[in-house]
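As they're listed, the protein sequences go chains A and B.
Take 515 as the starting number for the first sequence in my numbering and just add one per residue.
Take 105 as the starting number for the second sequence in my numbering and just add one per residue.
Calculated from the structure, these hints are not laboratory results.
Ideal Cβ positions, reconstructed from N, Cα and C, are used throughout, including at glycine.
Please note that the accuracy of each hint is not assured.
Unchecked claim - Have a look at the derived ranges for each label pair, beta carbon to beta carbon: (1) R143/B x R1087/A: 20 to 26 Å; (2) T1044/A x L107/B: 30 to 36 Å; (3) R143/B x T1048/A: 39 to 45 Å; (4) F1017/A x E303/B: 51 to 57 Å; (5) W161/B x T1048/A: 30 to 36 Å; (6) T1083/A x P354/B: 33 to 39 Å; (7) F1017/A x L107/B: 32 to 38 Å; (8) R150/B x G897/A: 45 to 51 Å; (9) R143/B x Q1124/A: 24 to 30 Å; (10) T300/B x E995/A: 49 to 55 Å; (11) S691/A x Q140/B: 47 to 53 Å; (12) P1151/A x E303/B: 30 to 36 Å; (13) P1151/A x R150/B: 52 to 58 Å.
As the list claims (entries may be wrong) - Some residues of chain A that are not near chain B, with every Cβ distance over 12 Å (derived): (14) E688; (15) E937; (16) A973; (17) A1200.
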Amino acid sequence: MTLYAWALGLCLAAALVALLPTRAPAVLRPTGAPAAGGAVAERVRAATPTVGAITVVGGAVTAAAGALAAVAGVRAMLGHGWSAWLPDLLPLGGVRLALDPLGGLFTAVTGGVTVCAAIHGIGSGPARATRVVVPLFVAALLLVPAADGVGAFLFGWELMAMTSLLLVLAEHRERPSVRKAALWYAVMTHLGLVTILCGLCYLAAGAVGDGFDQLRVAELSPAARNVIFLTTLAGFAAKAGIVPLHVWLPRAYPAAPGHVSPLMSGAMVNMGVYGVVRVGLDLLRGGPVWWWWIVLALGALSALYGVLHAAMATDLKRLLGYSSTENMGLVLIGVGAAGFFAADGAGPLAALALTAALLHVVNHAAFKTLLFQAAGSVQRATGTRDLDALGGLRTRMPYTTALFAIGALCASALPPGNGFVSEWLLLQSLIHALPASGVAGAVTMPLAVGAIALTAGLAVATFVKAFGVGFLARPRGPGAERAAESPRTAIYGMALAAAACLFLALNPTLVLPALTEAVTEVIPAGRPVTGEVTLRLTTITGSISPILIALALAGAMVAVPALVGAVATRRVRRAARLWDCGAGPVSARMEYTATSFAEPLQRVFVDALQPESAIDVTAVKESAYLVRRVRFRARVPDRVERRLYEPVLAAAVRLGTGARRLADGSVHRYLSYGFYALTGVLIVLAVIS
Amino acid sequence: MVLQLLVVAAGAPLLVGLMRQIRARLEGRAGAGVRQPWRDLRKLVRKEAIAPHGTGWLFRAAPPLLAGTTLVVAAAVPLVTADSPLDGVADLFAVAALLALGSVALALGGLDTGTAFGGMGASREMTVLALVEPTILLAVFALSIRVGTTDLGAIVIATASSPLSLISPVSLLAAVALAVVTIAESGRIPVDNPSTHLELTMIHEAMILEYAGPDLALIEWASAMRLTVMLGLFAGLFAPFGIATAGAGPIALLVAVVAFAVKVALLGGVLAAGEVFMAKLRLFRIPELLAGSFLMALLAVAASFFLA
């Protein structure tokens, strides 16, 4: 409790610190220097990118808050939970806070992400507004999983939405596209808030109070429960970036500053999953099977749609954004399967599925924090996020490249990465569904496994593209040519996230017992996974040992070159030209780009993606047969956006332009509107009563 | 396990030699002999390694990583004995993922060169991999339902103890799906032609174009081992006869080695003979083939659910 309170307090302190005036970097300014020296200091600052002391202090305090929150979360998972009621803080119900194992898990993840992002943010010299809002955003993220009442939950949720919106908007002066992205984000997140608000208020109306304990025992009709579940699911899915409510995600991430997107992707989207688990499995205590079919189907759809678009994307952050949709889809498959099994009475399987889902939340937070930090570093160093213009960063940014490689390995769910462990658990839980579930399971589970399998394959291709095209080979653009390694704090932030990834990848058995506590809270069915070195499933036969696989791989990697070295007679490598077919030196224009890398896959999935291309041929003035310029444009539009959102937006615009005729500036007409409306209402009321 | 590793490591080039010899004889050529791949490897190892301009650590790390993943897979899969010390460490999912890791390493090595060839090979390899992966996982799913686990040793022992289950629709469908996948993963006709250097068609060869000397020897050796392991795995899953179980004596192990060699040689012979009579598919027809195998695997799973 005290740790958590300290974490919140430090967030506020960091925000206050950032409010202090910083005319010039304090390290350069002699104490008591007159303000007139500011101009000189300004020039010095422009020449040397020294970071101001206040930025350093603010970042350090935020990181400390994150570390405290992580410890508090882990303690809550290990059984040291607490609850508090502050009746005077908010009108009506007051603020109820409690940290149970489930909330503790999400608090701990948020804390960990915060530490990495805050350290990363120190070196990037963020704008003052960003420095103030980031700690507040972290505080909101900590508030949501600790809320123990509808009032506190909604307050934290809205604070989270508002602060993140401000952060998305932070760089609107530099890039005009940011404004549109922020508009999309604002609309989507607030529509989500409205549905969650309706659902939770409906739930609270049926109970004696707004505390979660009171909601758990509320007597509700099945129809009311259905309405509550579906409305809150819509809101939470919007936050988690689930198709078809994902449209804000690939826009908002690229718009946010470098160290904010890890916070959004690693910590904020998790809250959608938290909401589904908390409301669906905990407050409503499960429900009919069809609820979980919907969750499972949404998850499978998001996983496939997200990874397909990630495989096509050429913008690095957009790619990572779609990959978040994919991973949240995988998590929802696990949550859906857990609810499905629980409704079917197969407790141990349900516990296994939920364990897999929650472990994937943790793993995704770890590798996505790392990847988004690296993407932010790349953008700062090269000025572009376009993979088609990147490349050759291996020699220019060696640390960032190596760390991105770790993140990409984890994200593509290959051993020895951490994503592999959670996907393995997820597949195991789905594969063993047969005895428990009847025909419904026989139809659903193979399709879910097929979706996960296809996702896994495409994710590999996606991250080979992101890493191979973005970081290896030769630079494809001037930005990549001039790139230099990122500041030291950025590397520390990434290294911390990479260490977390490796720890999770090699020692999932150390994390799982604590995770099991969070699972047993909602599905009491014993521990689904045991083992120290080898991960063993308790109720079904299945085992795997990530650490031994990694050791065997490492051993083979040492033994094979040694063997070759022993046999080979010439040890020195000879530098040689690349094979250029004898046609002169290979230039960067001949390299494969991200677009060309993804082209075969685009052809395979042409029906699902429906790419667009246009060819403009400009002829010279004298003759139509002499071509001056040919311009080829291709893009892969978001089909959901095209089919679902654009018609709605167009209709709204038409309605707006149509309604404009009602307001022609005549005062008489406006007065008559008021008169007729009033009479109309009175008539209606008279008829009703 | 050591015996199994040695058998695979030493026998893999011989298998490739045998397949080339069969092809040569069927095409009316004399052929270079079964031991030719070993002679090639010896020649390559004696040459000097090349560091092409603009390549980095990933280019150098890819061949050992490919060979390393293949060795780990060869140790974990029940080829000669179902009682591997790595049993319980890696199941069928892990094996599939490790094989994919090897392909990824090679693709990154290809991309690292920055030539059009490297990128082209990597792009095509990843496309094939992305479509092969689901089929493998679904076929695994189908095979594991009967046994109740994805542990490879358990599947093999269960099949060996009840050979009649092999003629069930589940096994047959899964066998066809896995056969297509095996061909695709090991880069044989009709998916890829290992003996061509034509830009229009090549996948594997395009990725390794810049490698020379010991690096190339490692890649060739690892590719041969991958082929052997995959054929051995296929044989183990669908004809698990002769595989030694826990506590088997030296004679049983010897029998198992001979049985493994015969099975893999037979499968390799069939594959090589098939290649003579078949042309390579157009690159963009390959996804149709793989989609077909995916459908087979899905049918296998559905059949196993409804027949269980």
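Hint check results:
Between R143/B and R1087/A the C-beta distance comes to about 24 Å, which sits within the given range of 20 to 26 Å. A hinted range of 30 to 36 Å holds for the C-beta pair T1044/A and L107/B, which are about 32 Å apart. The supplied range of 39 to 45 Å is met by R143/B and T1048/A, whose beta-carbon atoms lie about 42 Å from each other. A beta carbon spacing of about 44 Å between F1017/A and E303/B contradicts the range 51 to 57 Å that was offered as a hint.
Distance hint check for W161/B and T1048/A: the Cβ-Cβ separation is about 32 Å, which falls inside the suggested range of 30 to 36 Å. About 37 Å separates the C-beta atoms of T1083/A and P354/B, a value consistent with the hinted range of 33 to 39 Å. Take F1017/A and L107/B: their Cβ atoms lie about 36 Å apart, and the range 32 to 38 Å holds. For R150/B and G897/A, the hinted distance range of 45 to 51 Å is satisfied, since their beta carbons lie about 48 Å from each other.
The hinted window of 24 to 30 Å between R143/B and Q1124/A is violated, with their beta carbons roughly 52 Å apart. Separated by about 36 Å at the C-beta atoms, T300/B and E995/A break the suggested range of 49 to 55 Å. Against the hinted window of 47 to 53 Å, the Cβ-Cβ separation of S691/A and Q140/B comes to about 60 Å, which falls outside the hint. The given range of 30 to 36 Å is respected by P1151/A and E303/B, whose C-beta atoms sit roughly 31 Å from each other.
The hint said 52 to 58 Å for the Cβ distance between P1151/A and R150/B, and at roughly 55 Å that hint holds. Every beta carbon of chain B lies more than 12 Å from that of E688/A, the smallest distance being close to 31 Å; the non-interface claim holds. For E937/A, the requirement that its beta carbon stay farther than 12 Å from each beta carbon of chain B is not met, with the minimum near 8 Å. Interface exclusion of A973/A from chain B breaks down, the closest Cβ pair being 8 Å apart, not more than 12 Å.
With a minimum CB-CB distance of about 63 Å to chain B, A1200/A clears the 12 Å threshold, and the non-interface call stands.
Taken one by one, the earlier hints fail for this structure at numbers 4, 9, 10, 11, 15 and 16, listed in ascending order.
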